[in-house]
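**Student:** Listed here are the chains, written in short residue letters.
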Amino acid sequence: MPRATTNRWPDMTSTADIFDSMEYGPAAESAAEAEKWLDGHERKFGLFIGGEWRPAADGQSFETFNPATAQPLGHIAQAGAADIDAAVAAARAAQTGWAKLSGHKRARYLYALARLVQRHARLLAVLETLDNGKPIRETRDIDIPLVARHFYHHAGWAQITEQEFPNHTPLGVAGQIIPWNFPLLMLAWKIAPAIATGNTVVLKPAEQTSLSALLFAELCQEAGLPPGVVNIITGDGATGELITAHPDIDKIAFTGSTEVGRKIREATAGSGKKLSLELGGKSPFIVFDDADLDSAVEGLVDAIWFNQGQVCCAGSRLLVQESIAEPFYAKIRARMENLIVGDPMQKGIDIGAIVSPTQLARIEELVTVGEREGGTKWQPETACPSEGCFYPPTLFTDVAPAATIVQEEIFGPVLVAMTFRTPAEAVALANNTRYGLAASVWSENINLALDIAPKLACGSVWINASNLFDAACGFGGVRESGFGREGGREGLVEYLRPEWQAKLPLLETPPAQPTQHAPAAGTELPLDRTAKLYIGGKQKRPDSGYSDPVLAPDGALLGEVGAGNRKDVREAVEAAGKAAGWSKASAHNRAQVIYYIGENLEARAGEFRDRLIAMTGASRAQAAKEVRASVSRLFSAAAWADKYEGAVHQPPMRGITLALNEPIGVIGIACPNEHPLLALVSLAAPALAMGNRVVVIPAERHPLSATDLYQVLDTSDLPGGVLNIVTGGRDELAQVLAEHDDVAAVWYFGPAAGGAAVERAAAGNLKRVWSNHGRRWDWHSAQHSEGREVLRHAVAVKNVWAPYGE
Amino acid sequence: MRQTGPEMSDNVSILPTRSDAVGRNPGMAFEPEWLEEVRINTSAVERRAANIPARRTVKKEWQTAWLLKALTCIDLTTLSGDDTPGRVKRLCAKARQPVRQKVLDALGAGELGIQVGAVCVYHAMIAPAVQALAGSGIPIAAVSAGFPAGLSAPRARLLEVEESVAAGASEIDIVIDRSNVLTGDWQALYDEVRAYREACGAAHLKTIIATGDLATLRNTAKASLVCMMAGADFIKTSTGKESTNATPAVSLVMLRMIRAYGERTGCRVGFKPAGGISTAKAALGYLFMMKEELGRPWLEPELFRIGASSLLTDIERQLEHRAGGRYAARHHQPMA
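In the order they appear, the protein sequences are chains A and B. At position 605 of the first sequence (counting the first as 1) the number is 605 in the working numbering, and the numbers step up by one without a gap. Quick note, the working numbering runs 806 ahead of the 1-based positions in the second sequence.
Here chain B stands alone, though its shape is the one from the complex (with noise of 0.2 Å):
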C-alpha cells in the first residue's frame, strides 16, 4: 500500500490529516469485468438492514462510550446558500467542544479529548474554518467538484478541488457526475474520480455517490467499486440534497463492496453516510453496522463518518441524561 505518492509532494497539507495511520487507497487499473459479478438482492440486503440494529444493542457505560465514539466520528456540516463566516465560526467553537466539559467529566471521558470528526463546508467558508480550528487537529473537508450537482464544467470542478485543497482543506468531498452511472459509462466514472484524486494531492478523496440518485442498489454497488478502484479514501452516500439520503440498505450494500475492495486489495476504504442520520439511536444503528460488517478498525474517525448537523445535539443530550439520570432539554445544549 502506498503511503505516499509523487503528487502528494507538490500539494503539502497545512492542516492534519486523520488517515495517516490508516494507509491512502492507491485506487487500481479499471477493472469493469469485476463490475460485472456484482450481485445484489435487494429485499434481501433490506432484511439484513433491518436486522443488525435489533440484533446489537448498548446500555449503561457501554452506551456512552458508543455515544461518544459517535461524536468523534460526525463531520459537523454547514451547507447553505447563507453560510458567512460568523455562522462557521460557530460551528467551528462547537466542532472543538462538542459536549459540554461539565458532562465529559461526569461520564469519565473528560480526558479522552472528545471532538468532531471534521468539519464540512463549502470553498467559501474553508478559510473563516482554518482560522476558527487553528490548533484543534480537527480536519477541513469541503464539499467540491460543483457540489450538489457535480455538473459544472470539468476543468472548473478539478479547479474547485486544487483551490479547496491550497486554501486548507484536508478532505475534499466530491460529488460524482451520476450520468455516468445512469448510462453505464463506467470508464467515465473511473477517469473523472481518477482526476479527483491526482487534483487532491495528499487531501483525501471522500466520493459522493449520490444513491438516491441512483436508482438500484446495483448502481450503488457498482459505482462505489468504481470509485474505490479509481483511488477513493472514503466513499460516502449522499450530498444531503437528493430526496432520499442514506439508509441502511445503501449503506450496507457499501459496506459490502469496501469489505470486497479490502480482500481484493489490502486496502481500507472509509465509509461516510450524510443525511438524514439526526438521531442517536440512528448512528447507533450505523456503528452496529460498520462493526459487524467491517470490524473495529471501521469504528474510529480515519474510517468512518457520519455527515451530520443536528444529530450532535441529540447525542449531547443522551449524554447528559446519561450523566445526569435526568432527560435533556435541547435548548440546554450550546448551538453550533
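One chain only, chain A, in its complex shape (with noise of 0.2 Å):
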C-alpha cells in the first residue's frame, strides 16, 4: 500500500492505534528561527560588497523558493556588471592588507568563523533544507558540521601557511562559483583555503541556494572581518559569467556542471586566472562477491540516497560481481521499500525535495530514456508527495555502457546496475566514462582492494565506504570531472603561487628568422643526416613527406627535420597510450632509465653542445653549461622518482587516507625556442620520472638537439612509446594535442597567444594546461625549472580512503 507522505498520519493519533501500527508520526523540525531572519530581512537580500549591504545597482532581483513547499522564501539581488566591478575592486583594495597580515591574525578569523558556524548551526540548517530541500537530518548532521570543521582546519593552515609555504604569496583576488546541491558546504571549501593564504574572494551561491551564503556573509561581519576579504555576491548564470571574465580577477574555482565549467575554461583561456573546476561525474560503486553485503547497501544508500542523489560523487553506477547479482539487488530493493520520501523539514525523511522543477524535469526526462532503451526500472511503493519537487529512489537494471542513462550524469535519486565477472572487467568497466570522480570499492580482501583502487581513474576511492569528505583529504576529479583538489595541503596549493612566479619577466618577442642561404659552392659537407620523427621507440618518416629546414642564426643550412602534421601527433599519442607498462613500472626502475639517459647524454656531451652552438649561437661556455644543466636535471628527475610521495592524511575516522601521487597518463609537452635542449629535458624528464607518457614537440626553431636524443634513448633502455618527439610547427601541433581527447595534460611553453590557443582547445575533454603565459621561464634556474613546483604539475593527487577495524 503506498504510503503517503506529506500527511502520512491523517486520523491516528491515538496512542492505541499508533501501540498497533508503530508508525514513526511526524517529527517536524520547527521553522521559526528561519522565518524570522527571513522576516527581519523583509525578505529582501543585497550584496555583501566591502563589508556593507547593498542592493544591485540596477535595482534587478529574483525570487528564490522552498523547493519542498514551492513556497517564496525571498528576493535576492541579481549582482550586474557594476556590482561585480565593485565587489572585485572591495576584494582588491583589501587584499594586499588581508595578505601583509601574520599567519596568526588571519588564523584568529578564521577561527572565529568556525566558531561562528557552530553557535549558529541550526538556524543555517535550516535554512538551507528551506532553501534547498534536502533533508534537516543532512544539513544538521553532516553539511554544517563539515563546514565548521573545513574553517577550523583551515585555521590551522592560516597559522602555519608562512612556516608550511616558504617563499609563496597567494593569488590575490579569487571568483569563486558554487553550486546549489551542498550551498554553504561548498562556500566553506572554497573560502577557507582562500582566505587563510592571504587571498580575498567575490564569492557567488547558485540563484537556487543564496541564502546560507548571505547569512554567512553576516557572520563575517559579526567575527569583524575586515571589508572586502569575502564579498558574496548573488545572481544566476550570467553574474557568473562576468565573474569568470573579470580581468580583475586572478583565480577562478568553480564547482557545478562539466558543461558550465567547459565554458569557464574557454571563457579564461589565455587571461592567466589560475583555474580549479570540480564538475560532474558518473561514479562506480563496484561490490565484489567478497564484500559485505547488507553494509554495501548501506554504502549505496550513503551513495546515491544521499541528498537526492544530487551530489557531483555519487556512486551512480552500481557494479556488481555477476554470481552475486540477483541477491544483491534483491537487498538493494528491500532496502529501498524503507526509505522515506518527504517533507526535508521532517526528522525522519531520507529523500527530501528535488531542488527545483527544472532539476526535475531533467530526471524524469532521463528515466523515460532509460525505459525506452530498453532498461528494467524499479521503484518502491513509497510514495512521493504530489506537491513540490520530489522523485522517488529509483533502480536501473538490464542495462549496459551503450545506454544514455549509464554515460550521462543524472543528477538524481536513480541508481544503473551492470554486472562483471573479473577484477579486470570490473576496472575497465568503472573507467568506461568520460568523467572521473570518485569510486567506491567493496570487498572484505584487502588485496584486492587495494590493487583497484590505483587503477580506477578519478580523484577520491573510498574502500567499503561511500561518501566520506574531510577538510583534511583532497577532493576533486581526473578527465572531464575536472582539475584542482579542494582540502588539506593539495588543495592548499591552489591559491598560492611561489614568488619568483609573479615576477616573471614577458617572454621576448624573438628576431626573424633568418633567411636561409645556400652553402657556399665547393663547401665540403659532413654526411648528409635525416632526422625524422620518434614514435613508439622507432624513427618515422613525417606522414606529410614534408621537412623543415633548421637554419643557424646567420640563415646557414644546418639540416632538416620532418613537418610533423596531425596524424604524426595521433601516431605519437597511440604510441603513448600503448606504453601504459611505463606508468605501472616501479619509480626505482623509472629512475634507473632516466639516470642512463643522463649518462648517455654526457657520453655525447660535447656533440651536444656543439649542436647547440650551430643552432642557436650560444657561446661555447653557455652550450656546454646548458649540456651540464641537462644531465643534472635529468639527474633530479630521476632523485625525484621515488621521492615526490604522496601522504597520510588524518580526517576524524578510525582509517586512513592515503594521499597517491598517480601520473596523469599522456602528456603533450610544446617546448620553447630558449634553451632547445634544457627546456625539453627539464620539462619531460619529471613527466617521465612520475610515470606519465609523453609527446614532445621541441623547440620549433631548434629541433636538432630533440633529434640528436633518439639515439641517447636508444641506448638507455627507455621503453618504445614512452617518450615520443613529434617535430614541426609547434603551435599547430600544440593545437592537435590540445584537442586529442586521449591526452590528459598539455605543457605549453611559447608565446601567449599559442598559450592561449591551447586552453581553449582544452576545453574539449577538460584537460590539465600548464602554461608559461607567455612569461619567460629561467631554464636554468633549479627554483623555476625542478622539483616539486614542477612535480606537481606532473600528477594527480587521489585520495583513498580506508576505514578500517575488526
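Any given hint could turn out to be false.
[Said to hold, decoys possible] A few chain B residues that face chain A, going by a derived Cβ cut-off under 8 Å, partial list only:
| hint | residue |
| --- | --- |
| 1 | R854 |
| 2 | T863 |
| 3 | W868 |
| 4 | T870 |
| 5 | A912 |
| 6 | A915 |
[To be verified] Calculated pairs, DSSO-like style, for lysine-lysine (alpha carbon to alpha carbon, straight line, at most 30 Å):
| hint | chain 1 | residue 1 | chain 2 | residue 2 |
| --- | --- | --- | --- | --- |
| 7 | B | K866 | A | K36 |
| 8 | A | K584 | A | K532 |
| 9 | A | K36 | B | K908 |
| 10 | A | K347 | B | K866 |
| 11 | B | K865 | B | K908 |
| 12 | B | K1087 | A | K331 |
| 13 | A | K643 | A | K503 |
| 14 | A | K347 | B | K895 |
| 15 | A | K584 | A | K643 |
| 16 | A | K347 | A | K44 |
| 17 | B | K895 | B | K1047 |
| 18 | A | K36 | A | K503 |
| 19 | A | K538 | A | K567 |
| 20 | B | K1047 | A | K347 |
Hints in this document: simulated from the structure, not taken from any laboratory. The structure presented is a predicted model; accordingly, all values stated were derived computationally and were not measured. Idealized CB from N, CA, C, for every residue including glycine.
Reconstruct the complex from the two isolated chains, following the hints.
**Tutor:** Pasting the structure below:
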C-alpha cells in the first residue's frame, strides 16, 4: 500500500492506534527561527560588498523558493556588471592588507568563523533545508558540521602557511562560483583555503540557494572580518559569466556542471587566471563477491540516496559481480522499500526534495530515456508527495554501457546497475566513462581492494564506504570531472604561487628567422643525416612527406627535420597510450632509466654542445653549461622519481586516507625555443619520472637537439612509446595535442597567444594545461625548472579512504 | 515450520508462552559452509548502527506509544548474588504494573494492558516468581546452563535447564560456551545449543552469545547463525556480566543474521540485547533498528526483548512527562 508522505498520519493520533501500527509519526523541525531571520530582512537581500550590504546597482532581483513547498522565501539581488566591478574592487583593495597580516591574525578570523558557524549551526541547517530541499538530518548532521570543520582546519593552515609554504604568495583576488547541492559546504571549501592563504574572494552562490551564503556574510561581519576580504554577490549564470570574465580576478574556482566548466575553461583561456574546476561525475560503486553485502547496501544508500542523488560524486553506477548480482539486487530493493521520501523538514526523512522543477524535469526525462532504451526500472511502493519537487529512489537493471543513463550524469536518486565477471572487467567498466571523480570499492579482501583502488581513474576512492569528506583530504577529479583539489595540502596550493612566478618578465618577441642561404659552392659538407620523428621507440618518416629546414643564426642550413602533422601526433599519442607499462613500472626502475639517459647524454656532451652552438649561436661556455645542466636535470628527475611521495591524511575516523601521487597519463609538451635541450629535458624528465608517457614537440627553431636525442634514448633502455618526439610547427601541433581526447594534459611554453589557444582547445576534454602564460622561464634556475613546483603538474592526487577495524 | 515437536508433549509448561503466535524455530542441520560466506565490515556496520537513530525519531503521541512498546519488550531482570524471594516479589509487582495507572490513563493507554515482556531471574528465584506472577500471563525467564560463564559440567548445565523448566520457567536464557567460538569449533557449539534446545522442551530457548567475549563481529555473526541452526528461539547479546554488553554494532550484526536465517528457512528468530541499556532514548534506538532491519513483526515481545532493570524507571519518567508536561523525578516512580 502506498504511503502518503506529506500527511502520512491523518487520523491516527491515539496512543492505542499507534501502539498497534508502530508508525513513526511526524517530527518536524521548526522553521520559526529561520522565518524570523527572513522576516528580519523583510525577505529582501542585497549584495555583500566591501563589508556592506547594498542592492544591485540596477535594482534587479529574483525570487528564491522552497522546493519542498514551492513557497517563495525571499527576493535576492541579481548582480550586474557594476556590482561585480565594485566587489572585485573591494576585494582588490582589501587583499594587500589581508595578505600582510600575520598567519596568526588570519587564523584568529578563521577560528572565529568556525565558532560562529557552530553557534548558529541550527539556523544555518534549517535555512539550508528550506532553500535547498535536502533533509534537515543531512544539513544538521553532515553539511554544517563539515563547514565548521573546514574553517577549523584552515584556521590551522592560516597559522602555519608561512612556515609550510615559504616564499609563496597568495594569488590575489579569487572569483568563486558554487553549486546548489551543498550550498554552505561548497562555500566553505572555496572561502576557507582562499582567505587562509591571504587571498580575498568574490563568491557567487547558485541562484537556487543563496540564503545560507548571505547568512554567512553576516557571520563574517560578526567575526569582524576586514571589509572586502569576503564579498558575496548573488545572481544567475549571467552573473557567473561576469566573474569569469573579469580582468582583475586572479583565480577562478568553480564547482558545478561539466558543461559550464567547459565554458569557463574557454572563457578564461589566455587570461592567466589560475583555474580549478570540480565538475560532474558518474562514479562507479563496485561490489565484489566477497563484500559485506548488507553493509554495501547501506553504502549505496549513502552513495546515491544521499542529498537526493544530487551529488557530483554520487555512486550512481553500480557494478556488481555477476555471481552475486541477483541476491544483491534483492537486498537493494528491500532496502529501497524502507526509504522515506518527503518533507525535508521532517527529521525522519531519508530523501527530501529535488532542488527545482527544472532539475526534476531533467531526472524524469532521463528516466524516460532509460526505459525507452530497454532498461528495467524499479521503484518502491513508497509514495512521493504530490506537491513540491520529489522523485522516488529508482533502480535500473538490464542496462549496458551503451545506454544513455549509464553515460549521462542524472543528478537524481537514480541508480543504474551492471554486472562484471572479473576484477579486471570491473576496472574496465568503472573507467569506461568520460568522468573521473570518485569510486567506491567493496570487498573484504584487502589485497583486492588495494589492487583496484589505484587502477580507477578518479580523484577519490572509498574502500567499503562512500561519500566520505574531510577538510584534511583533497577532493577533486580527473578527466571531465575537472582538475584541482579542495581540502588538505593539495587544496591549499591552488591558492598560492611561488614568489618568483609573480615576477616573471614577459617573453621577448624572438628575432625574425634569418634568411636561408645555401652553402658556398664547394664547401665540404658532413655526411647527410635524416632527422625523422621518434614514435613508439622508432624513427618514423613524417606522414606529410615534407621537411622543414633548420637554420643557424646566420641562415646557414644545418639540417632538415620532418614536418610533423596531425596524423603524426595521432600516431605518437597512440604509441604513448600503448606504453602504459611505464606507468606501472616501479619508481626505482623509472629512475634507473632516466639516470641512464643522463649517463648517455653526458657521453655525447661535446656533440650536443656543438649542436647548440650551431643552432642558437650560444657561446661554447653557454652551450656546455646547458648540456651539463641538462644532465643534472635528468639526475634531478631520477632522484625525485621515488621521493615525490603522497601523504597519509588524518580525517576524524578510524582509518587512513592515502593521498597518492599518480601519473596523469599521456602529457603533450610543447617546448620553447630558448634552451632547446635544457627546456625539453626539464619538462619531459619529471613527467617521465612520475610515470607519465609523453609526446614532445621540440623547439620549433632548434629541433636538432631533440632529434639528436633519439640515439641517446635508444641506448638507455627507455621502452618504446614512453617518450615520443614530433618535430614541426609548434603551435599547430600543440593544437592537435590540446584537442586530442586521449591526452590528459598539455604543457605549453611559448608565446601567450599559443598558450591561450591550447587552453581554449583543452576545454574539449577538460585536460589540464600548464603554461608559461607568455612569461620567460629561467630554465637554468632549479627553483623554476625542477623539483616540487614542476612535479605537482606531473601528478594527479588520488585520495584513497580506507576505514578499518575488526 | 514446526509448531509442536515430540519433545514438547513431554515437558508441558505450566505458564503461558508469548511466542506461540510466532511459531518456533525448529533449527536445521548444521551447515558449516554457510559460516564461510559470512562477511562483516566493522567500520561500515558501525556507521550504519550510528546512523539509524539519526534517521528516525518519534515525537508526541508516537513517542508515548513507542515507549509503551519498549516497556512491553523488557525482560525485567534481577541477577544478583543477593537476590531473595522478597526482592523478586517486588520485581514481579513492578512487572505487573510497570507504570502507574493514573499515568497510563492520562496517556490513553489505560486499556492496553501494559506489562513487561518477562521477568528474568536465576533458577533459585523461579518459585517465588511463579507465585508472584500467578494469573498475570507474564512469562518467567530463567538464566541457566551455568550462567554467566557457562563452563560448569555439561550434564549439570542440561540438568539445570530441565530443572528450571520444571520449576515453571517458560523461557530459558542459556549462555554458550565461548571457547567453542574462540577456537572455531562450530560443530561443538551447534551440538551444545541443540542439546539445550531439547532440554528446554516447550520452553523457549534464548541463547546468549556474550558478544563482549567474542572479540570480533565476525565471531558474533557466526555464533548467531550456529545458534539459530541449532534451534534458538531468541539470540541474545550478553549476560550483563561481560566488560562490554550490548552495543548497536553487535546488535546490527545479529539482526542481519536473523534476517539471513529467516530468508533461508522462513523462521522468525527473536533478538534480545541485554546489559547497559538504561535510557529510554537508547531503547528507542533499538526499536528503530528492529523496525528498519527486520520490520514491524519484530516490534513485539514475541520477537524482541530488552534485558534491563533500571531502563524501566527512565521510561516511566518519560511517560510521566508525556502525561503531565512536567519533568519527572526518579523517586516518584515506584521501585522494582
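**Student:** Hint by hint, which ones does the structure fall short of?
**Tutor:** The structure breaks hints 5, 9, 14, 18, 20; every other hint is satisfied.
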